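A.B. asks: This is what each chain is made of:
Protein chains: 2
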Amino acid sequence: MQNPELGCLRYSIGAAGQRVELTPYLDAGVTNADSNWNDAFWSIHDVEHRGPGQAYVRTETNKTQFGAAFAMTTHAHVADESGKRELAQASAKSEGALAGIKFEAELSQGQTLILEKYVGICTTLQHEAEHLVKAAFAHSELAASTGWESLVVSHVDAWSQIWSQADIEITGDVASQQAIRFNIFHLNQTYRGDDARLNIGPKGFTGEKYGGASYWDTEAYCIPFYLAGHPEHVARQLLVYRFNHLEKAIENAEKLGFSDGAALYPMVTMNGEECHNEWEITFEEIHRNGAMSYAIWNYVNYTGDRDYLRTHGFAVLLGVARFWQQRVQWSENKGSYVILGVTGPNEYENNVNNNWYTNYLAAWCMRYALEVAKWLKTEHPGDWSGLTSAYSIDEPSTFKAWDTIPNLMYLPQLEGTEVRLQQDGFMDKEQLSVDDLKADQRPINQKWSWDRILRSIFIKQADVLQGLYFFWDDFSLKTHEVNYDFYEPKTVHESSLSPCVHSIIASRLDRMDDAYKHYLRTSRLDLDDYNKEVHEGLHITSMAGTWLSVVEGFGGFKVKEGKPCFNGKIPHAWQRLQFRINFRNRLLAVVVSEDGTEVNLVKGKPIEVEVNGQAVQLDTPSH
Amino acid sequence: MQNPELGCLRYSIGAAGQRVELTPYLDAGVTNADSNWNDAFWSIHDVEHRGPGQAYVRTETNKTQFGAAFAMTTHAHVADESGKRELAQASAKSEGALAGIKFEAELSQGQTLILEKYVGICTTLQHEAEHLVKAAFAHSELAASTGWESLVVSHVDAWSQIWSQADIEITGDVASQQAIRFNIFHLNQTYRGDDARLNIGPKGFTGEKYGGASYWDTEAYCIPFYLAGHPEHVARQLLVYRFNHLEKAIENAEKLGFSDGAALYPMVTMNGEECHNEWEITFEEIHRNGAMSYAIWNYVNYTGDRDYLRTHGFAVLLGVARFWQQRVQWSENKGSYVILGVTGPNEYENNVNNNWYTNYLAAWCMRYALEVAKWLKTEHPGDWSGLTSAYSIDEPSTFKAWDTIPNLMYLPQLEGTEVRLQQDGFMDKEQLSVDDLKADQRPINQKWSWDRILRSIFIKQADVLQGLYFFWDDFSLKTHEVNYDFYEPKTVHESSLSPCVHSIIASRLDRMDDAYKHYLRTSRLDLDDYNKEVHEGLHITSMAGTWLSVVEGFGGFKVKEGKPCFNGKIPHAWQRLQFRINFRNRLLAVVVSEDGTEVNLVKGKPIEVEVNGQAVQLDTPSH
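Going line by line, the protein sequences match chains A and B.
Just so you know, we're using this note's numbering here: the first sequence kicks off at 363 and counts up by one.
Just so you know, we're using this note's numbering here: the second sequence kicks off at 363 and counts up by one.
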């Protein structure tokens, strides 16, 4: 964890009165399980040996021409009470894609063969191609000479630093405690935040599914985790990733017939280009574009770093707002702007009209872009003038569109109620609830034909609730309650991103049994393999959602007008919940128990927070 | 044309003072242009020679294990004024997939080298596998000994018989005349009606696109052509094809969660199994199922062959009606039965609710099944009792469902008008007409992204008009006019099946300029290559639609209560239209000119017809 370009392994083997042969090797011949015709994803350039105990492989990916070098230095020795005896390599062999080094020893009672393998891993993301092997060996040799014990110390130290800020303690419920730590561990394994060219795949590095590419999960679920649990630059890197892809997003929108700098971010991407191949996802699941703007708002609201808007953020907000501005159309019939032919986050619908989540988010994107534009114009007129010329912004027509369209956006609602309707025609569906489903019919995505899923009322993840969660303060508590009661019984939670949002909302509505049930489902999804799919890899981005359900749900954490607010409530099964929050260069420690919520300043300057609606001044770091 | 298992070629070459070598061969090494990795669709078993001038190849298709043998007998001779001299083969060579026979000759002034190739083509559809080669050589040798001139006579004779009944003469407009004959020729080239295991692919045998499989085109467009232009058994074979697939259609419906004998016919098929691989087509374009019932009604209405209903037809009507009965669902909201999540014939929409065409057709299917069931019960109680037990029909609940559901079917209509709405939400689209499209934006399926096409108002083929055409007498002339005026301006006709229906309706509405415009487009589609796609093959099934636009459109032909009715009107460009109709063992000749419509009996017993609403008794064959 201390050095991302280093991987180390150590084996000890005891085998009294046996001859032992051990051959550590590097294998460049890996393929993806789901590749066509076993096609390799990279070409192998070198598979070679160097000095004693040393070998390396060098490869280059076929599509993207990333070079990678893996250099190993191995040591083996036999240890017993009297000390240790270094082994020389018995032989070295490179064959096909394998470079191996063989060690041999006769072991007697009380003797152990110990093998150490120090592998430097360098890619052309960080190094010139011609220096790759040299750099990989430099890591490998430095590690070998540093030695296993010292490396373990610095690895543990790096993790301790992470845990000191990121740990969550749940007292009284081992299953909950185990689950949240499992999730926090994996989130930190996946993303470090030191390179804006990298992002977070839904499976991280734990499985091939989704191909390591990035989805809107990053913006909608992961940003808050990295904001609160890491230094600010980590979340910022994730935003810069999208800023750097703006040009490709504009090209992507152009391919679909948009113009004048409208940007449509891809559904799935490595380098900014759309990698998904189904039209109903790439062309219609356009809500993802709104998540790009929402993440910027979230970051700025959390960190107060308005500078980011000037240098990066507004350009993205502009491209996204321009997209919506062109994607809406006026309906004479409804006397409103409508958005036809979309797929919302609830992917158990397809090609629907006026998905409430999408329409609301689109309107919000234009409003927020207008707010930031006006702020730039007033506070940073020089920047504004630069931006209007760089991005050819016609101020009057742009301001007018961003003012008019959101106010006239059609937002479907069930007449006479506070229910926001998922989409046009939702009430024509057969009005069933999940209780009407027999157990042998679930999960419906494994039991039903696709058309039957689509025309049923059952919801993969409730996107109206997702929208209400994002824009909580825009609605009354009554509205939240009514919609939760309307959608929760129809939701089968067959998206891993579903239960966490339901848990947060249930906490906010004081439905602690519901909140706890959903928390267990989201947090133990992989540990208990609820969906029978853990062989495909872990649900990394949903783990960030789990974290949200603890910190924003049970912890009641929210940032309002630059102030951290807490309103903790824990489920009956828990005695105490403790977590820490990084907030604008302070470290805050929060304890929630039956006695209430307590917030302490651990590090940083004095700050005012709000606990259960009461302002609390925190002056002195408490420990 | 006289022998479907025979193909003959003849070449003559004049080349004074030259040595000529000619090698006729059989090539078993054919592949499909669109195959993956150039995979062959069949395996080659034999490529061999036999006696002088003879060779054969034998193959077997890989998926379906159809065996095929191709046996050739070749003759070559040199002819001049003094007579002809037979050539012996110079050599014979089989190499790889090619079996060739070489002829050589020195030609002098006035001499011609004539080569004849007689190929017998036999498959395991008609022969035992072990007799294939023998049978193919029997055809080949018989043809060779019959000789070219006699074979030409019987070929021409077979075609003359076809043309004597099928020809359409258009006087005064060469482009129209050429087009209709081109279409009639190809329709007869494609389907002969002597084998109920065969059907009609949208490209016939003229291109690989659609893989030779069958679509609803057969039922919706081709049946009337074969009814009127051929003996009755030809159209009947096409119906029997679907009857034979009933069990597979029931299995297909079961896969999608239907039960109790509900049948869903495949969108695309060779042998009854679904061959298409897109869910939005196979799961949602279910209107095709209604076309199966409509074709039965069409056939019985035309031929009067009610016996077919007892032996074959009702079983299909039952399976289809059971499908619709399960596929509808009650909407509390609308107080009606609705059909959600379908794609209509207008494939520029996807996954819509309450497609008017589908809903109307589904209701009609249940009504017609009920009508036939009641007729069987009354007139053929023995058959009815056999059917109820063979197909487990619970009479009371079945009759009730087929009575209730159609009467409560939701049929979207534009309030305050006679406009039938294509689907729910249609009026929320931007209300544009094709005139608003710039020329460089067409065809939109080559210029626009798929999502943009879907959410636009533009229609590939107007399915409301298709439904109104099918069920013309259910609606007032006013309704037809209003809907034509509503939909025609929104229709881009990017389906080859679109203009023919518009042409018929325009004729019926007395809009002869429109009718003529659409006729030219449908009839000359391939000759003039309007859609720049003739390299993919000819639009065979749309050619049947063209025939409809002449006979039902300009000829005003319709069968009402067993009586042929005519109401001819021709476009200004034409002087006269003449066609013949096979009707219940009579041959009727129809002439339409500015002077009106004249109908004569050419062959068969006296009959009463209706011309322009007046009954006319035809007693004596007129020529």
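The hints are simulated quantities; they were obtained by calculation from the structure and are not laboratory data.
Please note: incorrect hints may appear among the correct ones.
[Said to hold, decoys possible] Calculated pairs, DMTMM-like style, for lysine to aspartate or glutamate (alpha carbon to alpha carbon, straight line, at most 20 Å):
#, chain 1, residue 1, chain 2, residue 2
1, B, K696, A, E792
2, B, K800, A, E960
3, B, K696, A, D802
4, A, K696, B, E792
5, B, K879, B, E856
6, B, K852, A, D802
7, A, K809, B, E640
8, A, K696, B, E594
9, A, K852, B, E694
10, B, K809, A, D622
11, A, K809, B, E613
12, B, K425, B, E410
13, B, K617, A, D622
14, A, K800, B, E616
15, A, K809, B, E792
16, A, K931, A, E960
17, B, K809, A, E792
18, B, K809, A, E640
19, B, K967, B, D622
20, A, K809, B, D622
[To be verified] Footprint (simulated), chain B over chain A, 3 or more residues, beta carbon under 8 Å:
#, region
21, 449-462
22, 820-833
23, 922-931
This one's a predicted model, so the numbers in the text were calculated from it and none came from an experiment.
Just so you know, even glycine gets a beta-carbon here, dropped at the ideal spot from N, CA and C.
A.B. asks: All hints are to be evaluated individually against the structure, with a verdict given for each.
C.D. replies: To see whether the hints hold, each was checked on the structure:
1. B/K696 to A/E792: With a Cα-Cα distance of about 11 Å, the restraint between B/K696 and A/E792 holds, given a limit of 20 Å.
2. B/K800 to A/E960: violated, 66 Å
3. B/K696 to A/D802: violated, 31 Å
4. A/K696 to B/E792: At roughly 11 Å apart (the allowed maximum being 20 Å), B/E792 and A/K696 satisfy the hint.
5. B/K879 to B/E856: Given pair B/K879, B/E856 holds - Cα atoms ~15 Å apart, limit 20 Å.
6. B/K852 to A/D802: violated, 46 Å
7. A/K809 to B/E640: With Cα atoms ~19 Å apart, A/K809 and B/E640 stay inside 20 Å; holds.
8. A/K696 to B/E594: violated, 53 Å
9. A/K852 to B/E694: holds, 17 Å
10. B/K809 to A/D622: holds, 18 Å
11. A/K809 to B/E613: Roughly 16 Å separates the two Cα atoms, so the pair holds.
12. B/K425 to B/E410: Violated, because 24 Å separates the two Cα atoms, which is more than 20 Å.
13. B/K617 to A/D622: violated, 47 Å
14. A/K800 to B/E616: holds, 18 Å
15. A/K809 to B/E792: Roughly 38 Å between the alpha carbons, so the hint for A/K809 and B/E792 is violated.
16. A/K931 to A/E960: Holds: A/K931 and A/E960 sit about 11 Å apart, inside 20 Å.
17. B/K809 to A/E792: violated, 38 Å
18. B/K809 to A/E640: holds, 19 Å
19. B/K967 to B/D622: violated, 46 Å
20. A/K809 to B/D622: Measuring from Cα to Cα gives roughly 19 Å; hence the hint holds.
21. 449-462: With 0 residues close enough to chain B, the hint is violated.
22. 820-833: Not satisfied, violated; 0 residues make the cut.
23. 922-931: With 0 residues in contact (Cβ-Cβ under 8 Å with chain B), the coverage given for the region 922-931 of chain A is violated.
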